[in-house]
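If you read the sequences in order, they're chains L and C. Taken in order, the first sequence gives residues 122 to 630; the numbers are from this note's numbering. Taken in order, the second sequence gives residues 97 to 818; the numbers are from this note's numbering.
Some hints could be false.
Looking from chain L toward chain C, a few residues come up when the C-beta cut is under 10 Å (computed) [as the list claims (entries may be wrong)]:
id: 1; residue: Arg132
id: 2; residue: Pro133
id: 3; residue: Tyr182
id: 4; residue: Glu216
id: 5; residue: Arg219
id: 6; residue: Asp264
id: 7; residue: Leu413
id: 8; residue: Ser416
id: 9; residue: Asp445
id: 10; residue: Met486
id: 11; residue: Gln534
id: 12; residue: Pro537
id: 13; residue: Asp551
id: 14; residue: Thr552
Label pairs and their in silico Cβ distance ranges [said to hold, decoys possible]:
id: 15; chain 1: L; residue 1: Asp250; chain 2: C; residue 2: Glu498; range: 48 to 58 Å
id: 16; chain 1: L; residue 1: Asp250; chain 2: C; residue 2: Phe601; range: 49 to 59 Å
id: 17; chain 1: L; residue 1: Ala190; chain 2: C; residue 2: Val625; range: 28 to 38 Å
id: 18; chain 1: C; residue 1: Ile706; chain 2: L; residue 2: Gly485; range: 27 to 37 Å
id: 19; chain 1: C; residue 1: Asp487; chain 2: L; residue 2: Gln569; range: 55 to 65 Å
id: 20; chain 1: L; residue 1: Ala229; chain 2: C; residue 2: Ala297; range: 47 to 57 Å
It is worth saying that the hints were derived from the structure and are not from the lab. Glycine included, every Cβ here is placed at the ideal spot set by N, Cα and C.
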Amino acid sequence: MSVDIQTGNTRPMSILIAALGGEGGGVLLGWLIESARAAGLAMQATSVPGVAQRTGATSYYLEMMAKPASGKTPVFALAPVAGQVDVVLASELLESGRMIERGFVSPATTLITSASRVYTTAEKMHGGDGRFSDQRLHTAGQDMAGRYVALDLQALAQEHGTLISATLYGALAGAGVLPWPASLCEEIIGRDGGRRAQASIAGFRAACAAVAAPRLQQHLAALQPAVQAVWLERIARLPTAMQINAAHAVVRLSDYQDAAYAGQYLDRLAALDLAVHLVPDVAAEAARLLALWMSYEDVFRVADLKTAAPRFARIRDEAHAGADDIVTVTEHFKPGVDEIAAVLPKRLGRWLLTRVKPGTVGKGMHLPTSKVWGFTALRLLALFGRARRRSLRYTEEQLAIDAWLKALAEAHQLAPQVVRLPALRRGYGDTHARGLRNYRHLFDTLVQPALARGVTDADVAVLKSAIDAALADPEGPALNQALEKAGMVKLPVTEKPIIWATRQRGVGA
Amino acid sequence: MERSFSKEIESLRLGAGEVFEGEGILAVTKALLQSGVSYVGGYPGSPVSHLLDVMVQARDYLDELGVHVEACGNEASAAAMLAASIMYPVRGAVTWKSIVGTNVASDALANLSSPGVMGGALIVVGEDYGEGASVVQERGQAFAMKSAVWLMDPRPDLPTMVRMVEHGFRMSEASNTVVMMDLRIRACHLNGSFIASDNVAPKISSRALASQPAGFDYSRLAHPPATFAHEKLKYTARMPAAQAYIESAELNEIIAGSDEAYRGIGLIVQGGLTNSLLRAMALAGLADFEGNSRIDILVLNVVYPLVPDQLVRFCADRQAVLMIEEGQPAFIESELGALLHRQGIKAALHGKDFLPMGGEYTVDVLREGVVGFVADVCSPAGLDEARAAIDDVRALVRKAGESLGTMVPPRPPGFCIGCPERPVFSAMKLVERELGRFHVSTDIGCHSFATFPPFSFGNSILGYGMSLASSAAVNSFMLPRTVAVMGDGGFWHNGLLSGVGSSLFNRGDGVLILLKNGYTAATGTQELVSTPTTGMRRIAEGASATSSDMTIENTLRGLGVKWMTTVHNYQVDKVRSALRDALTAPERGLKVIIAEGECQLERQRRLKPIMAERLRQNLRVVRTRYGVDEDTCTGDHSCIRLSGCPTLTVAPSSDPLKTEPVAKVIDGCVGCGLCGEVADAAVLCPSFYRVDVVSNAGWFERLSDRLRRAVILMMTSKKVAA
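This is chain L alone, in the form it adopts within the complex (with noise of 0.2 Å):
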């Protein structure tokens, strides 16, 4: 602790608590006033939660300071001060990032935050990965702070039944920042008694020992044993970098469809080596995007899965059902025109799309998968994937898939974005037509043309910026944004209806 309070004329102690709305920062500060007032402290607590502020990134701050001798009343800051606070605790990860930003952690910070993430907005809707790196906020803590202590405060309140705030508190306690004793937390947190306040209790209790002694974890995940010998084999063949992808899908593909399928998938990968020396980077990809691609989510692929022995097992788990309650589950359905005649021979399909116009759909379906009749529904759907080979879905995408392939051979500097285009293609439904016109538009005006006429570096920008605007933004314009600014063609004008209203116009009217 850098500041005692317990000297005279000294900056008062602060803390300052980033929180999120909605999340109970509210009575975690309730309970440091009232520890402060019962230890004798001068204090003041301030917060900025408007009434309502749902969800959004909030602040609580507090200072406190022996009352001074001379009677008067200390004069308290009502909001934190850039490289003047003592405490800081984050219930988020980013939060504290947040505060790292605003200069508030500094050499003479405790920063102690949760390591869990609710990840914001912006992050969730990118069509890829959006998500701000854990490592470097980890990083960035670990630089600025005087001390820094990070550990998931949302998961141990969950494990005992209780909201953050009471691990927000033990960890407080924990790292011995407190000018009380964790005794006396404890107690005003069990002031209005009953199992809430057990809980809280036992949460605080575990947060604090948490952050006394710090565990160490494994974070080592373990590859899946299943891949057999013959397959070992072949995928030694294979270039180092795409090994390991290649080990999970043959697993993946034998699943899917059956063993001559993930035979074809590394065929595929032999050749490509064959024909193109690709680098590291490019080659793992190309391995992990073909087995995805490989292996494509029809209908029969979603009734497997909605059918495997697992699920249910995880379903309970996740839904914390007791060993008595009884849990249904419905399956929300809506197919397609498109996916029905997807999975329907080549011919029928192709017949079908004819006489019913792409796009259109059905009603929904809520179709109970613990209930025998709709299991049983789903099982048999499954097991007509075995015919998948004849259907329509299939030709079409095993076609393209070559195209991609032979373009990755032959794409020399482009490769490492052409690798990346099959990430447009995913989804189900209007997604996923969306994502598929990107994909031939990208395919077919960029790609094909510079490997027609020999590429350039500036295919390489553009094809880059075309795929990064088509990933962060689906359904929004920054494609065309993008291929505007290039000069390039852009998507073709979609119909839209329009409505023609009556329109009565002088007096009276």
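Add chain C to chain L, keeping to what the hints say.
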């Protein structure tokens, strides 16, 4: 109401000598009772909502005292309430959020301040300025000046705030003028203590009724020719009376400086900034942390009117003075400049030349300004350290920025989990994809959050209840029909008249989406004319109670709205159809879609105890939540872009081939079903499923469940890797 104030109500009863501990705005509330108010009114809004909320909840106690409490329809009706003090010797107080509320109230304010008041009248306004604020345009000072209303800006500590309330009433009576008290956000939420005095039961009140109305007195009407006389009175009689009161009661304070070296300079500061100023000075070595200053400071707890004699005394014989005035324009500095010039005072006046014109005066800003001023005028050597400290802060912030690499993403407030307004905007997104973009005029309320991502809706935002009115002209030149979004709070606040009434009268076209959630939700779920009754809410249990109240529908029908439909928000498909119909209907005329769905905060508050009680009694309870199948999720996040629900988030995929995060429903999901509905309506994805967990099921239900599970287990595919 969102918050219960049972503890706080107890502290309102405290008697003389007892210690009040709590929030600033509640200390002000207590001070009103100590001043013997007969009536209190207001309109909720951050940061002063708690004043009215606690009063409304303390109705029983206030009844004992005879204090009348009114939750007014808008700020204009709150201001108009003060008319009671024009002709009767009764004290009254009203409250609202400034500057927006003051704008709405300003017509009544003008006509209130013309005749002036007999009984003390106080307006407590929350000056929503700086961090955490939603309206930072304009200053209350301008309204005080244009209406000749006195303005207090007290030092933010509880004893001073309480003292100023009590003096505010006396000053109001001494000068026959309404007094406004300005409290900044952090002052309202400041937690501290003061020694209470006894509450005073008003002499004329709902318990001690006045036997007859006041006699006719034309000079008390805001009507010509009386107003011509009022204009003279304001500045010849009332203002001098107020100035005399400020001097004699010592409302403004002088903090005497201890350092002879600084005798030649002085600081003048708005009371509300005093603590920040003293902290800034302490950090620069110009004061200590107990509030002892080395430089003379004049603290203006009353910022309008200024007291010329006091200012002249403070500035005379000084080399230079710094006026510390937050906000723009610099009204006080200008008036002070004119005064010093007229009186021939030589002191150089500084202010906005060392301090920024706009923005919040934080400790950092003040430290830079004051150090700059002192160094410029006195250039003492001791300030080198202070200047170095300022540079250190800059270096610290720069280093932090470098360490983080990029800016952390912003986190604006958003819709709550299960908020019934979110699905309406999801439906709007879907219609937009289908029909193309349309002009959207938005309004004030929780639904303003739809202007943030992922929805990003809105071409204009003009004020509370103003959305429909603000699209009146756009309609005349816009090919696609326009859409106005309005909440029920804004509708009753003024949207009914300025929007719907005006559109019908002018035979306007366009669509109005009226979000009927039953409360003024954004300010803390206060009640409205159309709030479902307690009985309706009890019957509704977990369902939306707002479907049972027809006040809005009946009002619109009575007004002559022909095209009107009510949809339940959670049926995204139906909301979408309704909007599509409204946008494409061939006939002209206002089309109103009432999107009904009770505020989830209120619904959950009602539901939680019911569920807990049922579980306790071992009764059958069904709990619903939603989930996403990680295996089928492709990680495109289109569901998130159509929802924005806090519990629909992303998580790392456990599939090693998927490097991008997949969608996930986390704990806290209240089972509103929007994500599933959107997935259906937008034909997104089959990954969403609903889970119903039945606790305490009967024997037959348990037996059939066991049988079902056994059969399903037999059919389950045994996944084996090849």
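Can you tell me whether the CB distance of Ala190 of chain L to Val625 of chain C sits inside 28 to 38 Å? violated (57 Å)
Is the distance from the Cβ of Ile706 of chain C to the Cβ of Gly485 of chain L consistent with 27 to 37 Å? The hint (27 to 37 Å, Cβ to Cβ) holds, given that Ile706 of chain C and Gly485 of chain L are roughly 30 Å apart.
Under 10 Å, Cβ to Cβ, is where Ser416 of chain L needs to be relative to chain C, so tell me if that hint holds or is violated. holds (9 Å)
Outcome of range test on Cβ distance (Asp250 of chain L, Phe601 of chain C; 49 to 59 Å): Holds - the Cβ-Cβ distance for Asp250 of chain L and Phe601 of chain C, about 53 Å, lies within 49 to 59 Å.
Have a go at the Glu216 of chain L hint: is there a Cβ in chain C nearer than 10 Å to its own Cβ? holds (8 Å)
Holds or violated: is there a CB of chain C closer than 10 Å to the CB of Tyr182 of chain L? With Cβ-Cβ at 8 Å, under 10 Å, it holds.
With chain C as the partner, please determine if Gln534 of chain L meets the hint condition of a C-beta pair closer than 10 Å. violated (23 Å)
Min Cβ distance, Pro133 of chain L to chain C: is it shorter than 10 Å? holds (6 Å)
Gln569 of chain L and Asp487 of chain C - C-beta distance against the hinted 55 to 65 Å: Taking Cβ atoms as reference, Asp487 of chain C and Gln569 of chain L lie about 57 Å apart, which means the hint holds.
Would the stated hint for Arg219 of chain L survive a check requiring a Cβ distance to chain C of less than 10 Å? With a minimum Cβ separation of about 5 Å from chain C (threshold 10 Å), the hint on Arg219 of chain L holds.
Regarding the hint that Met486 of chain L lies at the interface with chain C, is the smallest CB-CB distance below 10 Å? Interface hint status for Met486 of chain L: holds (9 Å vs cutoff 10 Å).
Do Asp250 of chain L and Glu498 of chain C keep their Cβ atoms within the hinted range of 48 to 58 Å? Given range 48 to 58 Å: violated, Cβ gap about 23 Å.
Of the hints listed earlier, those the structure fails to meet are numbers 11, 12, 15, 17, in rising order.
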